[in-house]
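Work the whole structure out from these sequences, hints included.
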Amino acid sequence: MEKNEDFHSSFVIFDNVRKSYDGENFVVKNLNLGIRKGEFLTMLGPSGSGKTTCLMMLAGFETATGGQIRLAGKPINHMSPHKRGIGMVFQNYALFPHMTVGENLAFPLEVRNIGKVERESKVMRALEMVKMEKFANRRPAQLSGGQQQRIALARALVFDPQLVLMDEPLGALDKQLREHMQFEIKRLHAQLGVTVVYVTHDQGEALTMSDRVAVFNDGKIQQLAPPAELYERPDNSFVAQFVGENNQLSGVVESLADDRAVIRLKTGELIDATAVDVTSKGQQALVSIRPERVEFASAAMPKGTRTLNAQVLEIIYMGDMLRGRLRIAGSDDFIIKMQNTLDQARFTPGQNIQVGWHTEDARALVAG
10 MEKNEDFHSS FVIFDNVRKS YDGENFVVKN LNLGIRKGEF LTMLGPSGSG
60 KTTCLMMLAG FETATGGQIR LAGKPINHMS PHKRGIGMVF QNYALFPHMT
110 VGENLAFPLE VRNIGKVERE SKVMRALEMV KMEKFANRRP AQLSGGQQQR
160 IALARALVFD PQLVLMDEPL GALDKQLREH MQFEIKRLHA QLGVTVVYVT
210 HDQGEALTMS DRVAVFNDGK IQQLAPPAEL YERPDNSFVA QFVGENNQLS
260 GVVESLADDR AVIRLKTGEL IDATAVDVTS KGQQALVSIR PERVEFASAA
310 MPKGTRTLNA QVLEIIYMGD MLRGRLRIAG SDDFIIKMQN TLDQARFTPG
360 QNIQVGWHTE DARALVAG
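Each residue of the sequence shown is one higher than the one before, starting from 10 at the first, in our numbering.
Do not rely on the hints blindly, as some may be mistaken.
[To be verified] Simulated crosslink set (DSS-like; lysine-lysine; CA at most 30 Å straight-line): (1) K125 to K140; (2) K143 to K195; (3) K195 to K46.
Just so you know, the hints here were simulated from the structure itself, not pulled from any lab data.
Encoded structure:
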């Protein structure tokens, strides 16, 4: 990532940071990242992409091989973790089983030599934040997974840190509770104004919670952007495929003009698309299109819109949505999504239809 104009004034700075465990292979490669004070930034990527290593270097549990990490203007590469004043929330909660909830929350205050009266006040305030004030005298084993995660979150916030790091904190929770906790964490972030750096491999979680998302792959940030931009305008084929569901059709660049490309698919059809990183005629390319942006050919489509012949292979009922799989341009895995409304056209397997989309919803990307 390039250093933008506000990079050096950021609250957290990774300046050309590298990490290798064997001196030869780098799991983080020349990372430049500025995190603004008070923002919720998510590091998103598959296993082994470098996101968790970056979080651990920021926390002080890993040491950078090269480059510098700064927090509030101060270099922290060689500062011990407990001196950084950073709150941490882990997937496995990391609560002390022999302590009560209140004692767990008081512990980080005790190590900071905060007096008993102030400790008790801060513990109760933190418990109230997560709506767990009635559980101060229980032990972790007497709590559900969701309740334990609330306590872990309260413990990370109890000493008023300026920065909180969260490493896959909701990974052990079931779907409904995980979604509820996402909104709880966002509520606390808005209420407290604390800077949050959040690590996850769940792209839906990243889109729901973040001010900005840094998409990692192979030790590098592939794109750094707000959720809507990341989803609507991916910079490359990896981001397009990793963030949200996506159809990709293979072809070659037939022509380029301004920010538009015409792609000839392997089966001969021509597709108009927004040119993202394709640069020359004859280049191998992918046309990327979200399932919900596919439309059925009709008189209402813009004049000149190219359409493709398709065959319906299956329709899956999903309650609020209908999900269809089509055979199109030689692919049997082209997905469409339709709202389940009374006026929605209904299709049956084996039916032949025509589909199309707006040019700006299709993106021509270099085949990766």
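Outcome of the hint check:
Taken as a hint, the K125 and K140 pair is honoured in the structure, with Cα atoms around 22 Å apart against an allowance of 30 Å. Straight-line distance between C-alpha atoms of K143 and K195 comes to about 23 Å, which keeps the hinted pair within the 30 Å bound. The hinted pair formed by K195 and K46 meets the criterion: a straight-line CA distance of about 16 Å does not exceed 30 Å.
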